[in-house]
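Line order of the protein sequences matches chains C and H.
Count the first sequence with the working numbering and you get residues 1 to 302, in order.
Count the second sequence with the working numbering and you get residues 1 to 278, in order.
No wet-lab data here; the hints were simulated from the structure.
Some clues are possibly wrong.
[What the hints assert, rightly or not] DEER-style ranges, computed between Cβ atoms: (1) H:Gly258 <-> C:Pro76: 48 to 58 Å; (2) C:Tyr75 <-> H:Gly130: 25 to 35 Å; (3) C:Lys119 <-> H:Gly99: 38 to 48 Å; (4) C:Gly116 <-> H:Arg257: 20 to 30 Å; (5) C:Pro84 <-> H:Asp65: 31 to 41 Å; (6) C:Pro222 <-> H:Val131: 49 to 59 Å; (7) H:Ala194 <-> C:Lys119: 12 to 22 Å; (8) H:Phe135 <-> C:Val213: 55 to 65 Å; (9) H:Leu165 <-> C:Asn120: 25 to 35 Å; (10) C:Phe172 <-> H:Arg94: 43 to 53 Å; (11) H:Met170 <-> C:Tyr75: 51 to 61 Å.
[Stated by the list, open to error] Partial chain C-side listing against chain H, Cβ under 10 Å, derived: (12) Leu31; (13) Ala51; (14) Ser54; (15) Pro129; (16) Asp242; (17) Phe279.
Only a predicted model underlies this, so the values are computations on that prediction, with no experimental measurement involved.
All C-beta atoms in this analysis are idealised placements derived from N, C-alpha and C, irrespective of residue type, glycine included.
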Amino acid sequence: MTLLAPTRAGHPPPAPPAARSGRRRLLPYLLLLPGAAWLLIFFGVPLVQLAAASLYDPSGSLSTGYAMTWAVSNYPDVLQAYWPQFLRSFGYAGLALVLALLLGYPLAYAIAQKAGRWKNLLLVCVVAPMFTSFLVRTLAWKTILSDNGALVGLLRDVHLLAPDGRLLATPFAVVLGLTYNFLPFLVLPLYASLERLDPRLLEAATDLYASPVQAFRRVTLPLSMPGLVAGTLLFFIPASGDYINAELLGTPNEYMIGNVIDSAFLVRLDYPQGAALSFLLMAAILAVVFGYLRRAGTEEVL
Amino acid sequence: MRVSRWLADRWVMIVALLVLGYLALPILVVAALSFNRPSSRLSYDFNEFTLDNWRQPCATSDMCDAVVRSVQIGFIATVVATVLGTLMAFALVRHRFRGRSGINVLIFLPMATPELVMGTSLLALFVSAGVPQGFWTIVIAHVMFCVSFVVVTVKARLAGMDRRLEEAAMDLYANEWQTFRRITLPLVLPGIVAAALLAFSLSFDDFIITNFNAGTTVTFPMYVWGAAQRGIPPQVNVIGTAMFAVALLLVGLSSLRGRRARRANLLAGPSHQPRRSS
Numbered sequence: 001m002t003l004l005a006p007t008r009a010g011h012p013p014p015a016p017p018a019a020r021s022g023r024r025r026l027l028p029y030l031l032l033l034p035g036a037a038w039l040l041i042f043f044g045v046p047l048v049q050l051a052a053a054s055l056y057d058p059s060g061s062l063s064t065g066y067a068m069t070w071a072v073s074n075y076p077d078v079l080q081a082y083w084p085q086f087l088r089s090f091g092y093a094g095l096a097l098v099l100a101l102l103l104g105y106p107l108a109y110a111i112a113q114k115a116g117r118w119k120n121l122l123l124v125c126v127v128a129p130m131f132t133s134f135l136v137r138t139l140a141w142k143t144i145l146s147d148n149g150a151l152v153g154l155l156r157d158v159h160l161l162a163p164d165g166r167l168l169a170t171p172f173a174v175v176l177g178l179t180y181n182f183l184p185f186l187v188l189p190l191y192a193s194l195e196r197l198d199p200r201l202l203e204a205a206t207d208l209y210a211s212p213v214q215a216f217r218r219v220t221l222p223l224s225m226p227g228l229v230a231g232t233l234l235f236f237i238p239a240s241g242d243y244i245n246a247e248l249l250g251t252p253n254e255y256m257i258g259n260v261i262d263s264a265f266l267v268r269l270d271y272p273q274g275a276a277l278s279f280l281l282m283a284a285i286l287a288v289v290f291g292y293l294r295r296a297g298t299e300e301v302l
Numbered sequence: 001m002r003v004s005r006w007l008a009d010r011w012v013m014i015v016a017l018l019v020l021g022y023l024a025l026p027i028l029v030v031a032a033l034s035f036n037r038p039s040s041r042l043s044y045d046f047n048e049f050t051l052d053n054w055r056q057p058c059a060t061s062d063m064c065d066a067v068v069r070s071v072q073i074g075f076i077a078t079v080v081a082t083v084l085g086t087l088m089a090f091a092l093v094r095h096r097f098r099g100r101s102g103i104n105v106l107i108f109l110p111m112a113t114p115e116l117v118m119g120t121s122l123l124a125l126f127v128s129a130g131v132p133q134g135f136w137t138i139v140i141a142h143v144m145f146c147v148s149f150v151v152v153t154v155k156a157r158l159a160g161m162d163r164r165l166e167e168a169a170m171d172l173y174a175n176e177w178q179t180f181r182r183i184t185l186p187l188v189l190p191g192i193v194a195a196a197l198l199a200f201s202l203s204f205d206d207f208i209i210t211n212f213n214a215g216t217t218v219t220f221p222m223y224v225w226g227a228a229q230r231g232i233p234p235q236v237n238v239i240g241t242a243m244f245a246v247a248l249l250l251v252g253l254s255s256l257r258g259r260r261a262r263r264a265n266l267l268a269g270p271s272h273q274p275r276r277s278s
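So that you can see chain H by itself, here it is in the shape it has in the complex (with noise of 0.2 Å):
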C-alpha cells in the first residue's frame, strides 16, 4: 500500500528520470566507444579498453582535416549570419515600416522548411548558374538557414530589454552612437553570443543541407557519413565526447556567471527596474 502510494504521488518524475536516461544513453555509449580498440574496422561492439584514440585522435588524418574545415565553415558562417541576423532583430524590434509581415514570413519560413528541401533547391540553384560546389557553397547555406535562428534570439532578448535605460543615457547628453556602444549592445551582447553560439553548433551539426552542396569539401558529419559504410574510426567517437564536453563546460561556466551576477544583484539591493516580460 506505501509502496503503491509512493509510486502514484512519485510516478511522473520517474518516467521522466527515465527518459532522460534514454537520451543520455547514446552519449554514454559514445564515450565508453572512444575508449575501445574495435575488433575489426566494421565493428561497433565494444572489444578492449585503450587510450591510444585519445592519445592520438588524428591518426587517420582526414578526419582531421575535416574537423578542421568544419570550425573554419562554422566560424565564417557564424560571424556572418550573427551580424546579419542582428541587424534584422534590431529594424524588427526597433522600427516601424512596412512590410514587417512579409520579413517575419521570410525569417519564419526556413526554420519551418525541410532541410532536405532547402538543401536540394540550393543545389538545383547552383547547378543552373555553373556555381561550382564545395567550401562557399557550404558557407553560403550554412548562413541561409542560421540567419533566422539569430533573430529569433536576439529578438528575444531586444524586446525584453528596458528601454529607459537607454532614454536615461540620452537624458544624460549621450549621443545616439554612445549609447548604442554603452548601454545597449553591453545589454544585448548576451543574446547576440548565445545567438552565435546557437549558429556555430547548427553549421558544424548539420548534414542534410551540406551534403547537397559540398561538391568533394568534406566536412566532419560528412566525414562520419562516409565512414559510416568504410568503417567508423573510434576516433570519431573521441571528437564525439570532446564536443561535448566542451559545450557543457560552456554551459556550465554561463550558469555559474549568471548565478554570481544574481548574487551581486542581490547584495546591491533590490532592483529598481519592472522587469517587462518578453
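Chain C with its partners taken away, still in its complex shape (with noise of 0.2 Å):
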C-alpha cells in the first residue's frame, strides 16, 4: 500500500474540467435529495398537522370536518381528563427503567469483561427475543403469569401470594413486561461502552486499595456513562409511549397514555383531543430526556 504512495505522486490524477467540479458539488445534494424529501414530507409535515390538528375546534367531527380555531384550551382540557394515564405511563416506564438498569448493568458487564470467548453468543442471546415478533413475545407472558400457570402456583405455595392472588392483569405484569420488551436496547450500548473499559483501571483501583464498590463508583460506573446515558433514553422513550404491554397484560386500571391516544384516534375518533394528546407526550418525553442530559452531562450523545 505504501509502495504506492510515490507512483500516486508520479501521475496526478487529471485537472477535473470546470462542468465537472460544479456537478461535484451537487453530486451531494443529489444523493441527500430523495431521502430527505421523504423525511420532510413524511415524517416532517406530519408533525406541524398534528399540532394542527391539536388545535382544531373539539366539537367538530370527522364526518363534518373540523374548524380551525386555534383551540388552546384542548390541551388543559385533555390533560384534566386523563392526568391519571399520563402519571402511569412515566411511572411504570421510570419503574420499568430501575428495574431494567438492575438487570442490564450486569448483564452488560458480564459479557463485556467477562465472557471471553463466549462473547459474541452471549450478544446474539440478547438481541435473540427481537427475532421474534414483539406481539407474540408479550402473549407468552400471558401463558408464563396465568393463573394457572407454574409460576403463580409456586408463588401461592410459598405465600408470596395470597391464595387468589394473580400476576396478570396487575400492574406488576405491565411493568415486567415493559422491563423485558425493552431490556436489549439498554443493554446494547451499555455493553458497547463498557467493552472499550480497561480492565487495568480497575486493577490499578484495587492496588490503590480501592474497595469493589468504591472502584464501580470511581471507575466504571463514569466511564459507562455515554452508554448509560444512550441506554436509558432507548428505553425509555419506547417504554413511556407503549400501550401494548398495558393492553395485553394489564385492565383498564393499568391503561397508560398510549392507550387512551389510541382509542382517541381509532375508536372515538376525537382527533383534537387525540392530537393534543400526542404533543403532550411528547412535550413531556423531551422536558424529561433534556432535563435528564443535563443533569448527566453528556449532552454530547445527542
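Put the two chains together into one complex, using the hints given.
Here you go:
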C-alpha cells in the first residue's frame, strides 16, 4: 500500500474540467434529495399537521369536518381528563427503567468484561428476543403469568402471593412486560461502553486500596456513562409511549397514555383530543430527556 | 467459605445468565405453545401436545394472508429505504456540503420520536389530505422510519473503510464508475445488507405506526392484535417460532462466513492495512 504513494505522486489525476467540479458540488445534494424529501414530507410535515389538528375545534367530527379555531383549551382539557394515565405512563416506564438497570448493568458488564470467547454468543442471546414478533412474545407472558401457570402456583405455595392472588392483569405484569420488551435497547449501548473499559484501570484502583464498591463508583460507572445515558433514553422513550403491554398484560386500570391516544384516534375518532395528547406526550418525553441529559452532563450523546 | 468465595468471584456472571434466562423464557414458551392444542380459543395455557399446528400453519387462512402482506410490505419498504438511506450515507461520509447538521438532525429525530407520535401525525396528514389508508400508506410509513436506521448502519461501515483502496484503483486507471463497482460497493455491501435486514425486521414487526395507518389492511402484527381479543389461534406461535429460527439461521450463517473470512485472512499473512477505527 505504501509503495503506491510515490507512483501516485507521479500520476496526478487529470485536472477536472470546470463543469465536472460543478457537478461534484451538486452531487451530495442529489444523493440526499430523495431521502431527505421523504423524511420531510412524511415525518416533518405530519408533525405540523398534528400540531394543527391539536388546535381544531373539539366540537367538530370526522364526518362533518373540523374547523381550525386555535382551540388552545384542548390542552388543559385533555390534561385534566387524562392526567392519571399520563402519570401512570411515566411511573411504569420509570419503574421498568430501574428494574432494567438492575438487570441490564450486570448483564452488559458480564458480557463486556467476563465472557471471553463467549462474548458474541451471549450478545446474540441478548438480541435473540427481537428475532420474533413483539406481540407474540408479549402474549407469551400471558401464558407465563397465567392464573393456572407454574409461576403463580409456586408463589402461592410459598405464600408470596395470596391464595387468590394474581400476577396477570396487575401493574406488576405491565412493568414486567415493559422491562422485558425494551431491555435489549438498554443493554446494547451499555455493553458498547463497557467493552472499551480497560480492566487495568480497575486493577489500578484495587491496587490503590479501593474497595470493589469504590472502584465501581469511581471508575466503572463514570466510564460507562455515555452508554448508560444512551441506553436509558433508548429504553425510556419507547417504554413511556408503549400501550401494547398495558393492553395485553393489564386491564383498563393499568392503561397508559398510549391506550388513550389509540382509542381517541381509532375508536372515538376524536382527532383534536388525540392530537393534543400526542403532542403532550412528545413534549413531556422531550422535557424528561433534556432534563436528564443536563443532569447527566453528557450532551454530546445527541 | 469456599462457596461464598466462588460466588463472590462469579456473581456478575450468574446474574447475567439469570437475566438471559428471563429474556429467553418467552421464546421458549412461544416454541412450546406452537405444539399446543389449546383447550379453548381464549386459553393461553399448555394443554396437549400436537403437531397439527405445524402441519397446517394456514388453518386460519386470514393469518397467512396477513403474513404474506407483511412480507410484501417489508420487502418494498426495505428496498426503498435501503436505496434512499445508502445514498444519504454516501453523501454524509464522502462529501462536504452546507446544511450537514440540519440533515443530521432530520435523520436523528425519527429515531428519537415515540412511535405513537409518528403514527398519529401521519394519520393526521393522510386524513387531512384525503388519502385513503391501506397497503401503500403502510409502505410510506415504514420507509419513513426505516431510512434513519439504514443511514446509521451504512455510515458506520463507510466510515470504517480504508479510502486508500479506492485511491489505489484510481491510480491503476480505473475510472470513477469502475472504482465504485469493483472496490467501493463490494466493501460497503456487508453494511448495506445488514441495514436491509434491520429495515426488514423493523418493518415486519412494526405494530404501533402501522396500526394508525393501515385502514382495513391487516399485517401480521395487526392480526395478532385483533386476535388477542377474539382468541389466538395456536398457529400464531408457529409463525413466531419459524421467524425466530430463520433469524437465528441467518445470524449463524453470517458468523460462520465471518470466521471463515478471518481464517482466510490469517492464512494470507498478516493484514498490511492498518485498520482505521470507526
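Now for the hints, and whether the structure bears them out:
Under the hint 48 to 58 Å, the C-beta atoms of H:Gly258 and C:Pro76, about 57 Å apart, fit the expected range. The hinted range of 25 to 35 Å is satisfied by C:Tyr75 and H:Gly130, whose Cβ atoms lie roughly 27 Å apart. A beta carbon spacing of about 40 Å between C:Lys119 and H:Gly99 agrees with the range 38 to 48 Å that was offered as a hint. Between C:Gly116 and H:Arg257 the C-beta distance comes to about 22 Å, which sits within the given range of 20 to 30 Å.
For C:Pro84 and H:Asp65, the hinted distance range of 31 to 41 Å is satisfied, since their beta carbons lie about 39 Å from each other. About 50 Å separates the C-beta atoms of C:Pro222 and H:Val131, a value consistent with the hinted range of 49 to 59 Å. The beta-carbon spacing between H:Ala194 and C:Lys119, approximately 19 Å, falls within the hinted interval of 12 to 22 Å. The supplied range of 55 to 65 Å is met by H:Phe135 and C:Val213, whose beta-carbon atoms lie about 57 Å from each other.
About 27 Å separates the C-beta atoms of H:Leu165 and C:Asn120, a value consistent with the hinted range of 25 to 35 Å. A hinted range of 43 to 53 Å for the beta carbons of C:Phe172 and H:Arg94 is consistent with their spacing of about 51 Å. Evaluation of the 51 to 61 Å hint for H:Met170 and C:Tyr75 yields a pass: the beta carbon distance comes to about 59 Å. The restraint placing C:Leu31 at the interface with chain H holds, with a minimum CB-CB distance near 4 Å, inside the 10 Å limit.
At about 9 Å, the closest approach between the beta carbon of C:Ala51 and any beta carbon in chain H falls short of 10 Å, and the interface hint on this residue holds. Checking C:Ser54 against chain H by beta carbon gives a least distance of about 9 Å; that is within 10 Å, so the hint holds. Residue-level restraint check for C:Pro129 holds (minimum Cβ-Cβ distance to chain H is 5 Å; threshold 10 Å). Because the smallest distance between the Cβ of C:Asp242 and any Cβ of chain H comes to about 8 Å, under 10 Å, the interface hint for this residue holds.
Hint on C:Phe279 holds. Least Cβ distance to chain H is approximately 8 Å, under the 10 Å limit.
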